[in-house]
Amino acid sequence: MSNHSASQSNPSGPANSADPVAQREAEATAINEFWSWWNSFGADALDGMFTLQMGADGAPEAQNVELIDIQQEVGGRIAAINPRLIWGFESGEPYSRHLLTVSAAGDPELRPAARRWLEAAPDDGAVWSFTDLRQADATLKLALGEIAPALIAQGALDSGAPAEVDPADGRVAVARGHGAIDVRLYHPLFPAIAQLDDGERLVAQLGFTMLQLVLGEEDFGLWLRGFAFAGEEPEGAIPLLDLKGVVEEVADDCPEWLTVEAEANGQPVRVATRAPITQMIAPTMTQHVLVQLMLASIDDSGLPTDASKASLAEFTSAATEFLGEDKGIFVATEHSDGMALMHFFIDPVSDAEAGLRQVAARWTEGEHVVDTEYDPGWQRVGHLRV
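When the letters of the sequence shown are read in order and numbered with my numbering, they come out as residues 855 to 1240.
Be aware that a few hints might be false.
Said to hold, decoys possible - Pair ranges (Cβ atoms, derived): (1) E1089 / R1234: 31 to 37 angstroms; (2) M908 / G1099: 27 to 33 angstroms; (3) L906 / Y949: 18 to 24 angstroms; (4) L906 / A1105: 38 to 44 angstroms; (5) G960 / S894: 57 to 63 angstroms; (6) D991 / R1216: 48 to 54 angstroms; (7) V1114 / V1203: 40 to 46 angstroms; (8) E1086 / Q1121: 38 to 44 angstroms; (9) E1102 / D1052: 31 to 37 angstroms; (10) E1103 / D977: 29 to 35 angstroms.
I should point out that these hints are in silico values taken from the structure, not numbers from a laboratory.
Using N, Cα and C, we set each Cβ at its ideal position, and we do this for glycine too.
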């Protein structure tokens, strides 16, 4: 990931606390300590080291540069935030001299910590910029490492060829939805790798990394609904490097909200959902709240008529006003069989759940139920990605 340094944080960091409030406080302390060190010393020290290393114009004299142990100084402080975070440095061109990335590497449970680290960062400038999402770089090759001799023995890899997987050799079949896509990825080395011990896991690991290299972590999380890895080239496959353009087309055509008519258990269903509906739109909201509201005014198909639509609009307005910008987000509603299912994601350490329960308690059209569950990957709304 990096021209300068890249690493996973040292796993010797503190164990996660069972108490979410205590865990959040410990995380906040570690984030504050990281940025205090960065602003007082780290940013200038690292800039001096990297510009000297690159031989850039205006680089300081070697005797004026204080060398630091990057793994210890940076890695140790990031490990204190969460030991599973991935971090690295690279060029920030064209916007800044250097870019520091601290990433969850696709792990939904880590995304809140990475995002809170970023929210506390200094403003981007000419020297440093910051991100919590790994950038696309389809030029990178993936080293095959210890499995290369086995592939050479199979005849799948020439002995004189580079022992690496090149994303440019990948092919992908794409199924487009309204606000998401599904893909099947093939690479000429996948069949041979799959025959090795633990080969299916290795194929999945390589395929996952290839998709993130081509799309970047943000587009991968926003637009890929599902992905699989093929043992032979799928019909209608396109070059993997063209996938970025497909995603951009889907994103350009996608409205902020989608309305979908469907049927479930013989009953019509009307869904209104944010698009895309994925944790990437609000990474720090990890608690799902489902509010079930019985409706008094419905048509023959069980869908709300004007009176209940007005009541639902009032409920939604009151709920979103209470949540504001920091406590939670309203993401979808499902109408069917005389009932409305209202989906929210909230910050579990805030008072958002209590507030939503208070708003729901004022519902007068019928019974209501409020159900909550920790869901950092937004799996409970996965069926609404279309």
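Consistency of the hints with the structure:
1. E1089 / R1234: 31 to 37 angstroms: Since the Cβ atoms of E1089 and R1234 sit about 34 angstroms apart, the hinted range of 31 to 37 angstroms holds.
2. M908 / G1099: 27 to 33 angstroms: Check passed, 32 angstroms falls within 27 to 33 angstroms.
3. L906 / Y949: 18 to 24 angstroms: holds (22 angstroms)
4. L906 / A1105: 38 to 44 angstroms: holds (40 angstroms)
5. G960 / S894: 57 to 63 angstroms: violated (32 angstroms)
6. D991 / R1216: 48 to 54 angstroms: Distance hint for D991, R1216 holds at roughly 51 angstroms.
7. V1114 / V1203: 40 to 46 angstroms: Violated: the Cβ-Cβ distance is about 33 angstroms, outside 40 to 46 angstroms.
8. E1086 / Q1121: 38 to 44 angstroms: Since the Cβ atoms of E1086 and Q1121 sit about 41 angstroms apart, the hinted range of 38 to 44 angstroms holds.
9. E1102 / D1052: 31 to 37 angstroms: holds (35 angstroms)
10. E1103 / D977: 29 to 35 angstroms: holds (32 angstroms)
Checked against the numbered hints above, the structure breaks hints 5, 7 and satisfies the rest.
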